[in-house]
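Peer 1: Sequence:
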Amino acid sequence: MTLPALRRYICALMSLPLPDLLDPWRAVDSRSDFAGRLPLCKMARLSDLVLDSSGEADYRLTFFRDERGLAVVTGEVRASLRLQCQRCLGPLRKDVSARVAIAMVRGMDEAGQLPEQYDPLLVSEPLIRPRDVVEDELLLSLPQIPMHDAEECGAASDAWISDGEPDAGATSPFAALSSWKRDR
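Mapping of the sequence shown onto numbering that gives the first Met the number 0: position 162 corresponds to residue 161, and the numbering continues sequentially without gaps.
Quick caveat, the hints were computed from the structure, so don't treat them as lab data. Ideal Cβ positions, reconstructed from N, Cα and C, are used throughout, including at glycine. Honestly, I wouldn't trust all of these hints.
Computed beta-carbon distance windows for the label pairs [unchecked claim]:
#1 Lys180 <-> Ser96: 44 to 54 Å
#2 Gln143 <-> Arg98: 27 to 37 Å
#3 Ser53 <-> Pro114: 32 to 42 Å
#4 Gly153 <-> Glu115: 24 to 34 Å
#5 Lys180 <-> Arg44: 20 to 30 Å
#6 Ala110 <-> Arg44: 18 to 28 Å
#7 Glu109 <-> Ser29: 34 to 44 Å
#8 Asp32 <-> Val122: 50 to 60 Å
#9 Phe173 <-> Leu126: 55 to 65 Å
#10 Arg98 <-> Ile144: 18 to 28 Å
#11 Leu176 <-> Asp57: 46 to 56 Å
#12 Arg181 <-> Ala100: 57 to 67 Å
#13 Ala174 <-> Gln83: 43 to 53 Å
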């Protein structure tokens, strides 16, 4: 067994499966480390945005206190998602990954005082759903407008799409307004 494979094996043994509900403060105090895979079909908000919710998301979440004493969650979330290209409307496979850097807070005042490297996680209930943290990070890592690369896309190439400039021979949609303005 190679050294990297041995490290992954040991890390997997030390990590816990992700529970449905978790006391975040207890997880921080015990320096809990969770790693594994979650089915995409169990993420309702994400399922609404993808063409196919089969597959899994890889995650690693570590709860601890940083050097300032803040209760934080760090880690990484990765998945391969099937989205709809907004140029050709065909299927698009997109690998997304997100670094997790969250500080748990009890109120908005606390959230406003966080260092820039952390996003706030408002904890108002005694238990949280760590699966929601994984889903939130995947949602935030989605592209705003998913599209194939221009050379891979099946859509007809229009000049205004490819270089950002309108076609010189094209009629402006506002041409009729200019004649209306002259007539007044």
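Peer 1: Against this structure, judge whether each hint is valid.
Peer 2: Tested hints:
1. Lys180 <-> Ser96: 44 to 54 Å: Once the Cβ atoms are compared, 52 Å apart, the range 44 to 54 Å for Ser96 and Lys180 holds.
2. Gln143 <-> Arg98: 27 to 37 Å: Roughly 19 Å apart at Cβ, these two residues miss the hinted range, so it is violated.
3. Ser53 <-> Pro114: 32 to 42 Å: holds, 38 Å
4. Gly153 <-> Glu115: 24 to 34 Å: violated, 41 Å
5. Lys180 <-> Arg44: 20 to 30 Å: violated, 47 Å
6. Ala110 <-> Arg44: 18 to 28 Å: holds, 22 Å
7. Glu109 <-> Ser29: 34 to 44 Å: violated, 22 Å
8. Asp32 <-> Val122: 50 to 60 Å: Since the Cβ atoms of Asp32 and Val122 sit about 19 Å apart, the hinted range of 50 to 60 Å is violated.
9. Phe173 <-> Leu126: 55 to 65 Å: Because 56 Å falls inside the window, the suggested range holds.
10. Arg98 <-> Ile144: 18 to 28 Å: holds, 22 Å
11. Leu176 <-> Asp57: 46 to 56 Å: For Asp57 against Leu176, whose Cβ atoms are near 53 Å apart, the range 46 to 56 Å holds.
12. Arg181 <-> Ala100: 57 to 67 Å: holds, 58 Å
13. Ala174 <-> Gln83: 43 to 53 Å: violated, 33 Å
Checked against the numbered hints given earlier, this structure breaks hints 2, 4, 5, 7, 8 and 13; the rest are met.
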